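Residues per chain, in single letters:
There are 2 protein chains.
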Amino acid sequence: MAAAVRVFREATVAFTAAAGRRTLVSLPPGAAAGRGGRGSRRAALAAAGALGGLGLWLWRRQAVMVASEEDEEEKELRQRFMAPPVSGLQELRRRRRELRSRMELLIMETQAEVCRALAALDPGAAFAVDTWERKEGGGGISCVLQDGEVFEKAGVNVSVVFGQLSEDAARQMRSRGKSLKAKDGKLPFCAMGVSSVIHPKNPHVPTMHFNYRYFEIEEADGTKQWWFGGGTDLTPTYLNEEDAVHFHKTLKEACDKHDLKLYPKYKKWCDDYFFIKHRGERRGIGGIFFDDVDSPSKEEVFQFVKSCAKAVVPCYIPIVKRHCHDSFTPEEKLWQQLRRGRYVEFNLVYDRGTKFGLLTPGSRIESILMSLPLTARWEYMHTPPESSKEAEILEVLRNPKDWVR
Amino acid sequence: MAAAVRVFREATVAFTAAAGRRTLVSLPPGAAAGRGGRGSRRAALAAAGALGGLGLWLWRRQAVMVASEEDEEEKELRQRFMAPPVSGLQELRRRRRELRSRMELLIMETQAEVCRALAALDPGAAFAVDTWERKEGGGGISCVLQDGEVFEKAGVNVSVVFGQLSEDAARQMRSRGKSLKAKDGKLPFCAMGVSSVIHPKNPHVPTMHFNYRYFEIEEADGTKQWWFGGGTDLTPTYLNEEDAVHFHKTLKEACDKHDLKLYPKYKKWCDDYFFIKHRGERRGIGGIFFDDVDSPSKEEVFQFVKSCAKAVVPCYIPIVKRHCHDSFTPEEKLWQQLRRGRYVEFNLVYDRGTKFGLLTPGSRIESILMSLPLTARWEYMHTPPESSKEAEILEVLRNPKDWVR
Numbered sequence: 016m017a018a019a020v021r022v023f024r025e026a027t028v029a030f031t032a033a034a035g036r037r038t039l040v041s042l043p044p045g046a047a048a049g050r051g052g053r054g055s056r057r058a059a060l061a062a063a064g065a066l067g068g069l070g071l072w073l074w075r076r077q078a079v080m081v082a083s084e085e086d087e088e089e090k091e092l093r094q095r096f097m098a099p100p101v102s103g104l105q106e107l108r109r110r111r112r113e114l115r116s117r118m119e120l121l122i123m124e125t126q127a128e129v130c131r132a133l134a135a136l137d138p139g140a141a142f143a144v145d146t147w148e149r150k151e152g153g154g155g156i157s158c159v160l161q162d163g164e165v166f167e168k169a170g171v172n173v174s175v176v177f178g179q180l181s182e183d184a185a186r187q188m189r190s191r192g193k194s195l196k197a198k199d200g201k202l203p204f205c206a207m208g209v210s211s212v213i214h215p216k217n218p219h220v221p222t223m224h225f226n227y228r229y230f231e232i233e234e235a236d237g238t239k240q241w242w243f244g245g246g247t248d249l250t251p252t253y254l255n256e257e258d259a260v261h262f263h264k265t266l267k268e269a270c271d272k273h274d275l276k277l278y279p280k281y282k283k284w285c286d287d288y289f290f291i292k293h294r295g296e297r298r299g300i301g302g303i304f305f306d307d308v309d310s311p312s313k314e315e316v317f318q319f320v321k322s323c324a325k326a327v328v329p330c331y332i333p334i335v336k337r338h339c340h341d342s343f344t345p346e347e348k349l350w351q352q353l354r355r356g357r358y359v360e361f362n363l364v365y366d367r368g369t370k371f372g373l374l375t376p377g378s379r380i381e382s383i384l385m386s387l388p389l390t391a392r393w394e395y396m397h398t399p400p401e402s403s404k405e406a407e408i409l410e411v412l413r414n415p416k417d418w419v420r
Numbered sequence: 016m017a018a019a020v021r022v023f024r025e026a027t028v029a030f031t032a033a034a035g036r037r038t039l040v041s042l043p044p045g046a047a048a049g050r051g052g053r054g055s056r057r058a059a060l061a062a063a064g065a066l067g068g069l070g071l072w073l074w075r076r077q078a079v080m081v082a083s084e085e086d087e088e089e090k091e092l093r094q095r096f097m098a099p100p101v102s103g104l105q106e107l108r109r110r111r112r113e114l115r116s117r118m119e120l121l122i123m124e125t126q127a128e129v130c131r132a133l134a135a136l137d138p139g140a141a142f143a144v145d146t147w148e149r150k151e152g153g154g155g156i157s158c159v160l161q162d163g164e165v166f167e168k169a170g171v172n173v174s175v176v177f178g179q180l181s182e183d184a185a186r187q188m189r190s191r192g193k194s195l196k197a198k199d200g201k202l203p204f205c206a207m208g209v210s211s212v213i214h215p216k217n218p219h220v221p222t223m224h225f226n227y228r229y230f231e232i233e234e235a236d237g238t239k240q241w242w243f244g245g246g247t248d249l250t251p252t253y254l255n256e257e258d259a260v261h262f263h264k265t266l267k268e269a270c271d272k273h274d275l276k277l278y279p280k281y282k283k284w285c286d287d288y289f290f291i292k293h294r295g296e297r298r299g300i301g302g303i304f305f306d307d308v309d310s311p312s313k314e315e316v317f318q319f320v321k322s323c324a325k326a327v328v329p330c331y332i333p334i335v336k337r338h339c340h341d342s343f344t345p346e347e348k349l350w351q352q353l354r355r356g357r358y359v360e361f362n363l364v365y366d367r368g369t370k371f372g373l374l375t376p377g378s379r380i381e382s383i384l385m386s387l388p389l390t391a392r393w394e395y396m397h398t399p400p401e402s403s404k405e406a407e408i409l410e411v412l413r414n415p416k417d418w419v420r
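Chains as they are written, first to last, in this note's numbering: chain A, 16 to 420; chain B, 16 to 420.
These are calculated hints, taken from the structure and not from any lab test.
Values in this document were obtained by computation on a predicted structure and should not be read as measured data.
As a list, the in silico EDC-like pairs of lysine to aspartate or glutamate whose alpha-carbon atoms are at most 16 angstroms apart:
#1 K370(B) / D366(A)
#2 K313(A) / E113(A)
#3 K313(B) / D274(B)
#4 K239(A) / E314(A)
#5 K280(A) / E268(A)
#6 K198(A) / E234(A)
#7 K216(B) / E394(A)
#8 K292(B) / E381(A)
#9 K336(A) / E257(A)
#10 K370(A) / D366(B)
#11 K292(A) / E381(B)
#12 K201(B) / E234(B)
#13 K216(A) / E394(B)
With the sequences and hints as input, model every part of the structure.
Structure, rendered in C-alpha cells:
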C-alpha cells in the first residue's frame, strides 16, 4: 500500500510521500511544489488544496487565466479536494457523464467541504491526510484531525475500490435481497463512499457520523446492478432538544426536496439500524439511514444522495459552534467517556461496514477504525440517578422520539 | 433477574438484597445477619464469607464444634465462597459424587481464592459482589473491584446455567465438531464456569485473564456429551522476560503433572486463539488455552482443569506484587491505554464467549462486559519508534516466543 501524507496546520503545509509509512515534515506553503517526483508533486498539490478553501466556482473563474492544461489541473486539485481523486482527474473528466465519476467527485467534494468546516473551528489542530492504494484495485484518502482544541478525533475518509467480488462477499449481498449471477464465481464490482465520524472534546457537543456510498456490480450477462446507501446521525452525550430539532429538520428538508416519504422512512431505518441490542439502547438520537436504494432511477437517487451530502455541514456545524465553548464538569466528561464506550460497542459488534472491513483481506484497518473515539470508558453496573440529565438522554436512546413532523 | 449485592471493604461489610437493582449500604460485620428475610440472610452469609479468608480446611476443623446443621452450612458458605453457590450447598452435597457438583465447587473456590488474593493487594478497594438469577435456569455470582489503588478493574465471575439449548446454539456446537441428536429440536444442557479479567493500573503490571468451564448436553437417546474448556493468559503493556517465564513456567508445571504433551499443545492453541486478525497481533504473550476437551476421561480432565485453576494465583500474584509500586511515565500510561484499546477490539470482535453472550437472550451483559477495561484509547496510525520498549512488545505479539521448554 503506497501512502502520500501531509499535515495541514493553519498556513503551514507539511507532507511527504512514502511507501507504507507516515513521515510528517513542516514546510512553508509552496516550498514543497519545487521538489521532484510524481509522488511528492501530487502530495504537494493535495497539501496546498486544503488552503484554498474557495471551492469549485472560484476555480472555474480563475481557470481562464491559466496557461497550460497541467497548471489548470493542479489548480483544480488544489482548490476542490483534500488530495487527488483515486481515479485521476483526467479519467474522471473523460467519463464525466457516468454516474460513478459524478459520485466520486461528490464524495471528494464532501470530504473537502467537511474537513474545511471542521478545521475552521479548530484552527490550532492538524489534519493529517493519507492517500493510500489498494493492491487489488483502487484506493482512498483518509483525513484525520486528532487531539485538537475542539475535536478529540475527527476522521473523514474517502474510498474508491474496484475489482472482483469474492463469492463470500457476493453471498452477503444476496442475503440482503440482491440476486446476482456470477461468471466463473467472480463478479466485477466498484464501490465508493465518503465516511466520517467526528468526536468533539466538549461533552455538550455531540458526536456526528455520516456515510454516503455507491455500489456497482456486473453480472455474468453484462447487466449492471447498482445501489446507493448512506445516512447522517447524531450521538449526543446530553440531550439538547433545540440541537436535536435543528439536526433532524435540516435532514428532513434535504429529503423533502425529493420525496416526502423519504424522511420518515429513513429516520425509522436509522433508529432501527443503530440499535445496541445487548444494551437495549440506540447509539444516538438518530438522523437518517438507508441502504440498497435503487429506485426510482439512478439519477434521482444520486440527486437525493447529493442533497443529503450537502446537508452534512449545515446540520452539524451550527451545533458545534453553539456548544464548543460551553463549560462542563468532570462528571459530565466522565459520562461522555462512558457513552464513548457504547459507541465502541456498536461499531465493533454491530456496524456492518466495520465488520465487513475487518474481515476483508487488504482493507485499510486504520481508516476503518478511525471511527473509534480517542478515549472510552467502561464502568461495571453504571446506572445514572433517576431524573438526572444522564437518565434523560438514556430515556431517549431507549425510546426514540420524533423530532420534526 | 434477582440480585443480592454487597461490598467487601476491609472489615466493613455492606450489602442489601434487591430485585434487579444495586444498593450499597455500609454496616459493621454481623449487623446484617440479624435482619429477616431469606434474601438478606443469604446475602449476609455471602457478605461475611469474604472476611473469613481461612478456606475450606479450617472450616472442616471448626465444623465439629458447630451445633445445628444450619449454622454449619452458614459457616461453610462464609468461609469458602464469595456468595452461596447457585445450585445450593445442600443440593451440591446430595449429589457430591457427580462431576457437575465437583466442578461447581471448584469454580466457586477459585473465585474466592482469586478475589481474596487480589483484595489483599488492594486493601482500600471495594469488591462488589452481585448474585443473579437466570430466568431460564441457573444464575451466577459476579465479583468486581473497580478503580482501586492497584487494580483499575478486576472481575471474577461464576455462572452456572442450565435449560434447553436452542437450535442455533446447538448448531454452533456442531460446527465445532460435536455431533448432537436433539429430541424435538431441544437439547437439555448445563454450562458452568469461572471467568476473570484483571486490569491493573500500573503499566508495568500485566493484565491477566482466565476462564475454566464445563459443559454437559443430553441427546435424544439420553446419552450425555460433556467437555471442558479453559485457559489462563497474560497481556503485558511492556515485556518483562522474567515475568513471562514465571507465568508460563507455572502453567507448564500445572500441565506437566498430567501429560507432558499438554503445555506445548495448549500454549500454541492460546497463541492461535488470541489473535487480533485485523492487526496481525496476538492480544498478549499467551499462556494456555483449550476447548472441547473430552479425553482421556472425565475424571482426568477434571483433575487437569483443577490443577490449572489452582495455578492462577501462583502464576499471576507474584508478578503483581513485584511491579505494582514501579514508577511509570505518562507516556507509559498512554501506551497502556492504547493496548487496552486492542484488548477491547479482541474481546468485542473475536472472543467467542463474549460474542455468544451478547447474542444470547437473557445473558447478564454487565457480567460479560466486565472484561472490558475501565479506560481505553485509540490513536489513528500510532506506530512506536523502532527499538523502543513499545516496539519490543509488539514484536513478541506479532511473533510469539517460547518462554519455557
